[in-house]
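Protein chains in written order, with our numbering: chain G, 96 to 286; chain P, 96 to 286.
Be aware that one or more of the hints could be misleading.
The list treats identical chains as interchangeable, and a pair is accepted whether it falls inside one copy or across any two copies.
Only pairs whose alpha carbons sit at most 25 Å apart, straight line, appear in this in silico DMTMM-like list of lysine to aspartate or glutamate [what the hints assert, rightly or not]:
1. Lys225 x Glu207
2. Lys286 x Glu274
3. Lys285 x Glu146
4. Lys160 x Glu244
5. Lys225 x Asp156
6. Lys184 x Glu244
7. Lys281 x Asp156
8. Lys210 x Glu240
9. Lys251 x Glu183
10. Lys210 x Glu243
11. Lys251 x Glu112
12. Lys122 x Glu146
13. Lys285 x Glu108
Please keep in mind that the hints were generated in silico from the structure rather than gathered at the bench.
Number of protein chains: 2
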Amino acid sequence: MTHLQHYLSENLEVPKESVTLCQESLKHIQVAKGTQLLQAGEICQYTYFVEKGLLRMFALDRNGKEHVIQFAPENWLISDRSSLYFNEKSKFYIDAVEDTEVLMLNSGFFTELSKLFPESADKIDLLLQKHIRNLQNRISSLLSETAEERYLNFLKMYPDIMQRVPLWMVASYLGITPESLSRVRKNLVKK
Amino acid sequence: MTHLQHYLSENLEVPKESVTLCQESLKHIQVAKGTQLLQAGEICQYTYFVEKGLLRMFALDRNGKEHVIQFAPENWLISDRSSLYFNEKSKFYIDAVEDTEVLMLNSGFFTELSKLFPESADKIDLLLQKHIRNLQNRISSLLSETAEERYLNFLKMYPDIMQRVPLWMVASYLGITPESLSRVRKNLVKK
Chain G
96 MTHLQHYLSE NLEVPKESVT LCQESLKHIQ VAKGTQLLQA GEICQYTYFV EKGLLRMFAL
156 DRNGKEHVIQ FAPENWLISD RSSLYFNEKS KFYIDAVEDT EVLMLNSGFF TELSKLFPES
216 ADKIDLLLQK HIRNLQNRIS SLLSETAEER YLNFLKMYPD IMQRVPLWMV ASYLGITPES
276 LSRVRKNLVK K
Chain P
96 MTHLQHYLSE NLEVPKESVT LCQESLKHIQ VAKGTQLLQA GEICQYTYFV EKGLLRMFAL
156 DRNGKEHVIQ FAPENWLISD RSSLYFNEKS KFYIDAVEDT EVLMLNSGFF TELSKLFPES
216 ADKIDLLLQK HIRNLQNRIS SLLSETAEER YLNFLKMYPD IMQRVPLWMV ASYLGITPES
276 LSRVRKNLVK K
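The shape of chain G in the complex, shown without the other chains (with noise of 0.2 Å):
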């Protein structure tokens, strides 16, 4: 069974087969870490689900600086939905950390499954409120926590990926500098 048949049968409690039904809307891909899935200026096309590896979604800004906004281990879905639902020019970048193993949904993919499976549009819909919620605490930790807070709530959401990318990659995510979360580490050893 792939992660993507689990994650939908476990959160929009569909079977199994699903997946099956909904293939034509399904593209399986392996890309090499630094493989680009979208750049800026482009149409997304996909979301993107992770089956084995790790993704992230990335600004530069006019300093060629990048500011990562998202990571996607195994059994996330990442996507610029600015761009897939509003068809607008991607302001963001996607690539692979790792060789990853992806599923690329069409953005018919979910009107697909709620037309087969009626009773899962409202855990869809469930899904799109986890992630508001979620951009909504980001939001919040951006503005209002210290960088020792930030980088809890970031090993919450994310356990495994400070072994998995380099420190500078984490604190772009955190909006602090590589110092200041070598700081925050050391610190927190001490305690």
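Start from chain G and add chain P according to the hints.
For chain P alone, coordinates are given in the frame of chain G:
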């Protein structure tokens, strides 16, 4: 016609009577400037639609400093979805920055609406996607934009708020100090 009727017929393409049909899920209230509609620790029960006036949602940090998460002038919806949809204690406050006329929509409002007008369900979904787009852009802005870029985007999103609230409150929304905001505004005048 209320702003809400206009908003719904515009965004969801439902007839203007829809508000009357759903009025059991709706409460009309008048709140004085400074009134708190939600406090941290409570469960958020409503989505607030602003007919006239101005609401805001904010977080308090451990030092008692306020951080503005969102402003809601006329025609905006504001709510803590984490709390409303997942029955969690809110981490946020919602209060009235001006004397405000508010429609309180309970959590069943949009469900009822989409039952009465099934063709509005996709449009309600699109509203959620728009909200997600805004949140995503806000995160990207907080991580990667300069104070000036943030301020210019703020003016696009909220053309008249600058005239309606004290400067420190806008600075708090932007995640910069009031001094930085003053500097940014002075530099823009010179340009």
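Against the structure, the hints:
{"no.": "1", "hint": "Lys225 x Glu207", "result": "both (21 Å within a copy, 21 Å between copies)"}
{"no.": "2", "hint": "Lys286 x Glu274", "result": "within (19 Å within a copy, 35 Å between copies)"}
{"no.": "3", "hint": "Lys285 x Glu146", "result": "neither (37 Å within a copy, 53 Å between copies)"}
{"no.": "4", "hint": "Lys160 x Glu244", "result": "both (24 Å within a copy, 16 Å between copies)"}
{"no.": "5", "hint": "Lys225 x Asp156", "result": "between (28 Å within a copy, 23 Å between copies)"}
{"no.": "6", "hint": "Lys184 x Glu244", "result": "between (34 Å within a copy, 19 Å between copies)"}
{"no.": "7", "hint": "Lys281 x Asp156", "result": "between (29 Å within a copy, 23 Å between copies)"}
{"no.": "8", "hint": "Lys210 x Glu240", "result": "neither (42 Å within a copy, 41 Å between copies)"}
{"no.": "9", "hint": "Lys251 x Glu183", "result": "between (33 Å within a copy, 17 Å between copies)"}
{"no.": "10", "hint": "Lys210 x Glu243", "result": "neither (45 Å within a copy, 46 Å between copies)"}
{"no.": "11", "hint": "Lys251 x Glu112", "result": "neither (32 Å within a copy, 46 Å between copies)"}
{"no.": "12", "hint": "Lys122 x Glu146", "result": "within (12 Å within a copy, 46 Å between copies)"}
{"no.": "13", "hint": "Lys285 x Glu108", "result": "neither (45 Å within a copy, 59 Å between copies)"}
Consistency with the previously given hints fails for numbers 3, 8, 10, 11 and 13, ordered from lowest to highest.
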